[in-house]
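Read top to bottom, the protein sequences are chains U and R.
FYI, this note's numbering numbers position 305 of the first sequence as 758, with every residue one higher than the one before it.
FYI, this note's numbering numbers position 29 of the second sequence as 482, with every residue one higher than the one before it.
None of these hints come from the bench; they were simulated from the model.
Certain hints may be false.
With the Cβ distance kept under 8 Å, some of the chain R side facing chain U (calculated, not the full set) [unchecked claim]:
#, residue
1, 643
2, 738
3, 740
4, 753
The beta-carbon is built from N, C-alpha and C at its ideal position, and this holds for glycine as well.
2 protein chains.
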Amino acid sequence: MNKILIIGAGRSATALIHYMLDEACKNGWYVTVADSDLDAAKEKVGPHPCGRAIWMNATDDENRKEIIAKADLVISLLPPFLHILVAKDCLRLSKHLLTASYVSQGFYSMEEEVREKALIFMGELGLDPGLDHMSAMARLNEIREEGGQLTAFRSYTGGLVSPESDDNPWHYKISWNPRNVVLAGQGTAQYIKDDHYKFIPYHRLFSQFELVDIQGMGQYEVYANRDSLLYRNSYGLDDIPELIRGTIRHRGFCEAWDALIKIGYTNADFPILNSENLTYNQLTEAFLGNTPRDGSVKEGIAKILNISTDSEIISKLEWLGIFSRKKISLKDATPAKILEEILLEKWPLKEQDKDMVIMQHEFEYKKNNKNYRLTSTLVMNGENSTDTAMAKLVGLPLGITAKMVMAGKLTTPGINIPVFKEVYELVLAELEEMGIAFKDSLEEI
Amino acid sequence: MNKILIIGAGRSATALIHYMLDEACKNGWYVTVADSDLDAAKEKVGPHPCGRAIWMNATDDENRKEIIAKADLVISLLPPFLHILVAKDCLRLSKHLLTASYVSQGFYSMEEEVREKALIFMGELGLDPGLDHMSAMARLNEIREEGGQLTAFRSYTGGLVSPESDDNPWHYKISWNPRNVVLAGQGTAQYIKDDHYKFIPYHRLFSQFELVDIQGMGQYEVYANRDSLLYRNSYGLDDIPELIRGTIRHRGFCEAWDALIKIGYTNADFPILNSENLTYNQLTEAFLGNTPRDGSVKEGIAKILNISTDSEIISKLEWLGIFSRKKISLKDATPAKILEEILLEKWPLKEQDKDMVIMQHEFEYKKNNKNYRLTSTLVMNGENSTDTAMAKLVGLPLGITAKMVMAGKLTTPGINIPVFKEVYELVLAELEEMGIAFKDSLEEI
Numbered sequence: 454m455n456k457i458l459i460i461g462a463g464r465s466a467t468a469l470i471h472y473m474l475d476e477a478c479k480n481g482w483y484v485t486v487a488d489s490d491l492d493a494a495k496e497k498v499g500p501h502p503c504g505r506a507i508w509m510n511a512t513d514d515e516n517r518k519e520i521i522a523k524a525d526l527v528i529s530l531l532p533p534f535l536h537i538l539v540a541k542d543c544l545r546l547s548k549h550l551l552t553a554s555y556v557s558q559g560f561y562s563m564e565e566e567v568r569e570k571a572l573i574f575m576g577e578l579g580l581d582p583g584l585d586h587m588s589a590m591a592r593l594n595e596i597r598e599e600g601g602q603l604t605a606f607r608s609y610t611g612g613l614v615s616p617e618s619d620d621n622p623w624h625y626k627i628s629w630n631p632r633n634v635v636l637a638g639q640g641t642a643q644y645i646k647d648d649h650y651k652f653i654p655y656h657r658l659f660s661q662f663e664l665v666d667i668q669g670m671g672q673y674e675v676y677a678n679r680d681s682l683l684y685r686n687s688y689g690l691d692d693i694p695e696l697i698r699g700t701i702r703h704r705g706f707c708e709a710w711d712a713l714i715k716i717g718y719t720n721a722d723f724p725i726l727n728s729e730n731l732t733y734n735q736l737t738e739a740f741l742g743n744t745p746r747d748g749s750v751k752e753g754i755a756k757i758l759n760i761s762t763d764s765e766i767i768s769k770l771e772w773l774g775i776f777s778r779k780k781i782s783l784k785d786a787t788p789a790k791i792l793e794e795i796l797l798e799k800w801p802l803k804e805q806d807k808d809m810v811i812m813q814h815e816f817e818y819k820k821n822n823k824n825y826r827l828t829s830t831l832v833m834n835g836e837n838s839t840d841t842a843m844a845k846l847v848g849l850p851l852g853i854t855a856k857m858v859m860a861g862k863l864t865t866p867g868i869n870i871p872v873f874k875e876v877y878e879l880v881l882a883e884l885e886e887m888g889i890a891f892k893d894s895l896e897e898i
Numbered sequence: 454m455n456k457i458l459i460i461g462a463g464r465s466a467t468a469l470i471h472y473m474l475d476e477a478c479k480n481g482w483y484v485t486v487a488d489s490d491l492d493a494a495k496e497k498v499g500p501h502p503c504g505r506a507i508w509m510n511a512t513d514d515e516n517r518k519e520i521i522a523k524a525d526l527v528i529s530l531l532p533p534f535l536h537i538l539v540a541k542d543c544l545r546l547s548k549h550l551l552t553a554s555y556v557s558q559g560f561y562s563m564e565e566e567v568r569e570k571a572l573i574f575m576g577e578l579g580l581d582p583g584l585d586h587m588s589a590m591a592r593l594n595e596i597r598e599e600g601g602q603l604t605a606f607r608s609y610t611g612g613l614v615s616p617e618s619d620d621n622p623w624h625y626k627i628s629w630n631p632r633n634v635v636l637a638g639q640g641t642a643q644y645i646k647d648d649h650y651k652f653i654p655y656h657r658l659f660s661q662f663e664l665v666d667i668q669g670m671g672q673y674e675v676y677a678n679r680d681s682l683l684y685r686n687s688y689g690l691d692d693i694p695e696l697i698r699g700t701i702r703h704r705g706f707c708e709a710w711d712a713l714i715k716i717g718y719t720n721a722d723f724p725i726l727n728s729e730n731l732t733y734n735q736l737t738e739a740f741l742g743n744t745p746r747d748g749s750v751k752e753g754i755a756k757i758l759n760i761s762t763d764s765e766i767i768s769k770l771e772w773l774g775i776f777s778r779k780k781i782s783l784k785d786a787t788p789a790k791i792l793e794e795i796l797l798e799k800w801p802l803k804e805q806d807k808d809m810v811i812m813q814h815e816f817e818y819k820k821n822n823k824n825y826r827l828t829s830t831l832v833m834n835g836e837n838s839t840d841t842a843m844a845k846l847v848g849l850p851l852g853i854t855a856k857m858v859m860a861g862k863l864t865t866p867g868i869n870i871p872v873f874k875e876v877y878e879l880v881l882a883e884l885e886e887m888g889i890a891f892k893d894s895l896e897e898i
């Protein structure tokens with residue numbers, strides 16, 4: 454085993470590629486970085502003795518198979534819908550596979566064959582999902598081993614802008630996939646509180662945020678994720694009376710974003726024919742439908758949102774330019790795509806801007822008739838717009854796991870996510886060596 | 454050509470099957486009705502000299518092909534996702550194909566081959582889509598032929614309960630696919646008014662209904678459909694300043710349905726694990742999330758809807774039983790599925806109940822410097838819960854078109870919808886002979 458293939462050289466691949474190249478030289482491995490954008494791959498690999506960049510078309514069956522056939526371990530950073538093609542090839546050609554994406558049903562249907570061939574297929578190895586599983590499971594298992602009985606588990610993550618680089622009224626900049634920023638929260642958020650289910654539909658989600666104290670950072674807004682209940686079983690929390698996973702935002706974000714949802718700007722379900730002939734103001738007006746109004750589009754929007762035109766929310770919307778007379782540049786685009794274009798222009802991470810990732814877990818448990826709360830927090834700032842905290846925290850858990858597979862230290866075959874000790878112990882230990890560590894505080898409650 | 458295959462013997466197939474059996478005897482044809490529920494097919498065909506019922510598994514490639522191979526014309530009433538399988542077989546085996554469903558992109562990709570083989574593949578031959586296209590195009594073309602210039606086209610359809618059988622506070626009963634009743638309107642409604650696009654997201658759609666005068670019937674509520682702009686081109690209305698298609702409901706329906714949407718009851722995106730352990734009251738409570746409240750679940754719901762607990766809307770919700778302490782009977786069901794179950798119990802069309810279909814088109818146009826409005830209205834009541842207006846108006850346009858294909862009167866090959874004269878003239882003429890006719894009134898405006 455000495456050949457590693459990384460498929461995908463996009464924004465989130467930088468830290469992973471650099472880590473794997475370094476490790477390759479130390480261990481006598483060779484890294485191939487494949488992307489349909491050969492220049493992007495070349496730029497990330499550079500002239501390196503232990504790696505090279507190649508062109509690859511992941512949708513071309515022949516090309517994909519040929520490249521995968523030459524590897525021992527494949528790391529796929531492709532968009533989720535393409536992973537399954539890579540996974541099928543890896544199964545047929547008997548290659549190990551790691552990804553940072555959610556493990557889909559399509560993957561689990563291969564489980565038996567993967568196990569029979571003693572292959573390691575592991576997903577959810579990035580930040581969220583990924584590091585959240587590892588850091589939470591380490592503490593959950595420790596609490597259980599010491600006889601604690603869990604009564605609540607809350608887990609929050611946010612990909613944010615660092616306060617020192619925060620210079621816009623939304624207090625948000627784009628440090629990850631902008632499409633996912635726009636579509637975040639679509640569906641129904643689900644969690645458990647006081648032993649009862651809670652289901653929040655998308656159109657009410659961002660108005661039902663909670664304020665949460667982040668250790669050492671003050672108060673942040675948190676809205677509930679779709680997937681809180683998904684891990685109930687794999688975390689071993691089937692009977693816990695409180696279980697919530699949420700997304701962290703700076704204060705003032707959620708109710709303004711809620712306005713964009715209520716207006717209709719996050720809808721990706723239909724293309725607007727000839728959108729390039731509309732101004733932003735005309736598009737915003739279109740969402741008013743038959744709402745009766747006397748005045749401007751802004752007044753109409755304030756009316757459907759049931760707020761004053763002087764409100765903070767309206768001024769944030771105005772700052773984005775949704776009332777401007779400028780022409781929309783995209784042709785036949787969905788509202789979500791048009792909003793994405795706006796945000797890329799208004800919320801860019803400028804070259805010297807620092808992003809910030811916050812992850813905080815809160816564990817409540819009973820032990821010896823006492824109640825405790827353990828709060829475990831990671832706050833990490835990026836260096837600049839290329840060397841982001843986001844890219845590091847997505848890439849390093851994946852890279853460290855890859856190293857473990859190559860070194861034969863990870864041996865559990867089958868389709869898995871990193872909720873077991875063999876994985877999380879070594880990953881968390883190496884992250885800590887790099888200075889990436891959670892701060893834990895315990896209090897009696 | 455003498456063998457007709459009807460695939461699907463469900464609720465909406467009755468009128469079609471009876472019509473085709475009658476015509477078969479008159480014309481020396483033979484009708485085969487195939488369904489996976491053989492008893493349902495047998496019950497509809499009865500002991501008939503010109504037809505028979507057979508068992509068929511539409512998802513079994515061999516079984517499906519074998520049955521289709523024996524037909525000359527195939528009429529598919531399968532759920533939309535199965536049509537494409539039937540269509541591919543029809544293409545390979547050179548059979549004509551008619552359906553009442555929307556023509557999907559998958560169909561259009563077969564266009565060239567269908568045309569080369571001189572086959573007739575026609576979809577949207579039911580009520581809506583179907584009769585709406587035919588009746589609208591007949592009038593649109595007549596107005597244009599007489600030199601009129603269209604300035605507005607509004608087209609409304611509703612599958613309702615007849616006033617004489619209306620005995621529930623929602624003024625609605627289920628006369629068609631209950632799943633579609635629950636999911637109606639999901640996505641973004643689109644129309645054109647005053648030469649401007651209007652886009653209404655689902656969570657505001659039912660609060661933005663319009664009151665429309667239906668000829669001879671009084672005022673009804675209408676909400677906009679997703680698809681108003683879809684037919685702009687095929688109707689020849691590319692530059693019309695007002696274009697809307699909408700759905701008709703009895704008064705008082707829309708804002709109460711809007712409440713169900715706002716609560717979250719129409720969401721089909723996630724299954725509730727162990728939903729059979731919850732009461733309706735507990736499920737409704739789950740949708741409250743973290744909304745602060747002192748009192749009952751009903752008070753909480755009134756609060757998020759921003760209405761009083763004494764309001765008409767709350768009393769309609771209560772009548773449905775969403776605050777009741779009864780256990781939900783469905784296991785691991787989505788909210789939408791649970792709501793469907795409620796509605797099947799609360800809104801059934803009882804055996805002697807009559808349904809009612811309303812279709813109304815409004816055409817505004819200029820001719821010789823005068824402005825006119827032509828209003829064209831069809832109101833049809835069913836006989837009872839089996840012999841519904843809905844089943845007749847879905848089945849008869851399809852049946853008449855099938856007769857025309859069998860008789861060689863319809864010859865345009867390719868993939869089409871019934872927007873051209875060759876089809877709509879004969880269908881509308883025969884419907885009129887049966888007493889199914891629109892009432893037209895013209896006024897200067």
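Quiz item: Of the hints given before, which are not true for this structure?
Solution: 4
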